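*Asks:* Use the sequences and the hints to build the structure in full.
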Amino acid sequence: MHPCLNGNGVVRTFVAFPHERVQRGSVVDRWWVWALPVAVAVVPATASATASAELYRLDAQLYGRFEARIRFAPGSGVVGSFFLWKPGSDAPGAFWNELDFEALGIDCHLQTNSIYGIPKANHEAVSAIPGGICSLYHDYRFEWTPTYIAWAVDGQELRRDTGAAATAYSQNATSGMSFHFNIWPGDASFGGSFNPSTLPVSYFISWVQYSSYVANNGTFQVAWREEFNGASLPAGWAAGTWASPKNLSTHDARNITYVNGIAILSMTGDNATGPSVNPPPDSPVPVDGGIVDAARDTAADNTGRRDADATGAGGAAGTNVDAAGGAAPDGARPGGAGGIATGGSTGGGAAGRETTTGAGGAAGLATTTGTGGASTAGGATRSGATSGDSGCSCRLAHTKRDGPSSFWIATLVPLLSRRRGRRLRVRCSRARLA
-4 MHPCLNGNGV VRTFVAFPHE RVQRGSVVDR WWVWALPVAV AVVPATASAT ASAELYRLDA
56 QLYGRFEARI RFAPGSGVVG SFFLWKPGSD APGAFWNELD FEALGIDCHL QTNSIYGIPK
116 ANHEAVSAIP GGICSLYHDY RFEWTPTYIA WAVDGQELRR DTGAAATAYS QNATSGMSFH
176 FNIWPGDASF GGSFNPSTLP VSYFISWVQY SSYVANNGTF QVAWREEFNG ASLPAGWAAG
236 TWASPKNLST HDARNITYVN GIAILSMTGD NATGPSVNPP PDSPVPVDGG IVDAARDTAA
296 DNTGRRDADA TGAGGAAGTN VDAAGGAAPD GARPGGAGGI ATGGSTGGGA AGRETTTGAG
356 GAAGLATTTG TGGASTAGGA TRSGATSGDS GCSCRLAHTK RDGPSSFWIA TLVPLLSRRR
416 GRRLRVRCSR ARLA
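Residue -4 is where the sequence shown starts when you use the numbering used here, and the numbers rise one by one after that.
No false leads were slipped in.
Now the in silico label distances, taken between C-beta atoms and shown as ranges:
(1) 210 with 160: 12 to 22 Å
(2) 210 with 55: 11 to 21 Å
(3) 273 with 159: 39 to 49 Å
(4) 125 with 88: 42 to 52 Å
(5) 114 with 269: 36 to 46 Å
(6) 183 with 162: 33 to 43 Å
In case anyone wonders, no lab produced these hints; they're calculated from the structure. Keep in mind it's a predicted model, so treat the numbers as computed, not measured. Heads up, the beta-carbon is just placed ideally off N, CA and C, and yes, glycines get one too.
*Replies:* What follows is the structure in structure tokens.
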């Protein structure tokens, strides 16, 4: 059973229990062994009425900046994910490594996950994104280095994991992780109650980009970018055909389409795959002329408009016509220091870093003049480790039709319990007579 089933999968419960009983060799046990193949043979396979979708890269990358511009799908029970996954994490005894952006719930809120360990545990955080993530396109970015993992939206860092949380990846995902995107139905325990009447629903990917990590100076260099300009699956990509994490649907390659330079992932009925969808147009965000952004620069003036909005600017001007603090025109540098507050002779600070880690400007030198600018804060988070798998966006090894009917489990298990109880009472009666 795939770990994402939380230990509640029908197949695991049905098969493991008789194995334990057979070893005791009682009459009831022998009857159960006879009944098992009959139950499997007679009960029709359970079918799901929903087809979902997963698009992923065939290669894996060790460290770097993993980015995509996405508009998620709304709806209760509609789970949309952009995640990085270490191939082979689902193998028996393997150390799990997975990083997620997930759109969840009827309010379409954003959850970030770091799922790792043996057994795997989910370390989650929830962030509020202005404008909503299901009504607009946003740039989603993972930065993975040997010392930290960061999640950012539209250039604004929301979360940063360091220490043991980063070491869990640098030591256990040495072969790299790969891009994955999927849409699938949740339930009341995760993502909200799903209503099939809302189908079809779709989410949209404008582009995907990977930048390698340059260890000697801590920067990122664009390695490749996918624009989805063709009408079919691009080279280096594949479509998933396995069960979704809650085992309520199966990914279907026909639910991935390409229109007007947008990759479309849809969730539909089993008999309505490959819907005709006209994607909403994407309005590119002006990007600065820094090295890491050169391949996707759409601004004519390179004024660094996006970085200036997303990062902490330098210190504000003090009184007496003091010089303003530095803005953030270059995405490769830390935040600028504040302007001097006792005279106008000193210029502003250096450029701010695009990931919003640049500190704000220092306070003015004179005690009665203006203070320096603070760095822009990221979204609020709710942190904590849990042992559950509810946030897992990973693929399942089983298909949606690989489990026996819950009717037989509900019928046979109580019957066996009653038969065993009668046998124990008989044994006890015989013991008293003896």
